[in-house]
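> Sequence:
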Amino acid sequence: MEEVIYLSVRTACAAYILYKIWQTKSQVKRICDALYPVSSSSQTGKKETPAPEPPPEADVMGGTQSVYLDENTGETGAPFLSLPLEKDFIGEETEMPDEDVECTLDLERMRLLQEEQEELDAMNIPTEAVSQPLTQADLVNMADVLFNRNRARENEEQSSRAALTLHAIRETEMFAVIEAQVENKEVIEELMGRYLDEEGNPKPVRNSTPPKNESGKDWKTLIA
Numbered sequence: 001m002e003e004v005i006y007l008s009v010r011t012a013c014a015a016y017i018l019y020k021i022w023q024t025k026s027q028v029k030r031i032c033d034a035l036y037p038v039s040s041s042s043q044t045g046k047k048e049t050p051a052p053e054p055p056p057e058a059d060v061m062g063g064t065q066s067v068y069l070d071e072n073t074g075e076t077g078a079p080f081l082s083l084p085l086e087k088d089f090i091g092e093e094t095e096m097p098d099e100d101v102e103c104t105l106d107l108e109r110m111r112l113l114q115e116e117q118e119e120l121d122a123m124n125i126p127t128e129a130v131s132q133p134l135t136q137a138d139l140v141n142m143a144d145v146l147f148n149r150n151r152a153r154e155n156e157e158q159s160s161r162a163a164l165t166l167h168a169i170r171e172t173e174m175f176a177v178i179e180a181q182v183e184n185k186e187v188i189e190e191l192m193g194r195y196l197d198e199e200g201n202p203k204p205v206r207n208s209t210p211p212k213n214e215s216g217k218d219w220k221t222l223i224a
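Under my numbering, the first residue of the sequence shown carries the number 1, and numbering increases by one thereafter.
Hints listed in this document are in silico derivations from the structure and should not be mistaken for laboratory results. Being a predicted model, the structure only gives us computed values, none of them experimental. Just so you know, even glycine gets a beta-carbon here, dropped at the ideal spot from N, CA and C. Treat the hints loosely; a few may be bogus.
[Unchecked claim] Using C-beta positions, here's what the derived DEER-type ranges look like: (1) Glu119 x Glu189: 36 to 42 Å; (2) Ala137 x Leu112: 14 to 20 Å; (3) Asn155 x Gly200: 16 to 22 Å; (4) Pro133 x Lys203: 19 to 25 Å; (5) Thr135 x Gly193: 23 to 29 Å.
Model the full assembly from the supplied sequences, consistent with the hints where possible.
Below, the structure is given as structure tokens:
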């Protein structure tokens with residue numbers, strides 16, 4: 001008897017719990033319907049509304065391949081009430097002398113700028129310039145005279161020509177290399193002193209003993 005009563009009580013409790021759950025679910029559904037009626041209806045409207053179809057090409061305004069122009073299009077299109085624009089409507093700036101220009105930089109800043117400019121000027125190494133154009137034949141003749149190949153130093157014309165070539169390249173690195181290769185530097189000085197004046201112009205050719213050179217170096221090493 002007690003078991004029947006216990007089973008009946010449990011069955012009644014389970015039924016009551018299921019009823020409360022169903023009732024709560026119904027209330028939640030009503031609340032959601034009350035809060036979101038517009039969004040749900042709009043979504044259904046969007047789904048049901050069909051997309052508009054594009055109009056056919058024949059119905060588009062101006063959809064033609066023919067263009068008609070008036071014969072006087074350029075004349076009639078010009079404005080009839082236009083006024084000429086003044087050329088100097090902005091005005092010209094007055095020139096101001098350098099003395100009237102006010103410098104707003106302090107002395108320290110100006111000193112730094114001056115130092116930077118001096119450094120930039122020092123970096124601009126002047127390029128080596130040759131006073132007169134030289135050819136490969138001039139360099140070969142100069143080497144022949146310096147090293148007395150084939151007794152070239154006995155020829156006054158070749159020696160004078162070599163002196164002119166040495167004077168033309170005297171301020172270049174090539175001259176320093178040649179002077180370093182020749183053991184006796186007096187050979188170069190004697191050539192330039194004998195055949196050239198103080199300004200580098202050739203002297204009249206005279207007969208005298210040519211300078212000696214005991215060096216046995218190859219002259220081809222001086223020519224690039």
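> Honestly, do Glu119 and Glu189 meet the 36 to 42 Å range at C-beta?
holds, 38 Å
> Using the C-beta atoms of Ala137 and Leu112, is the stated range 14 to 20 Å upheld?
violated, 53 Å
> Range first: 23 to 29 Å. Now tell me if the beta carbons of Thr135 and Gly193 are that far apart.
Holds, at about 24 Å.
> Kindly confirm whether 16 to 22 Å is satisfied by the beta carbon distance between Asn155 and Gly200.
Since the Cβ atoms of Asn155 and Gly200 sit about 21 Å apart, the hinted range of 16 to 22 Å holds.
> Given the hint of 19 to 25 Å, check if Pro133 and Lys203 actually sit that far apart at their C-beta atoms.
holds, 22 Å
This entry does not satisfy hint 2, going by the numbered hints stated previously; all others are met.
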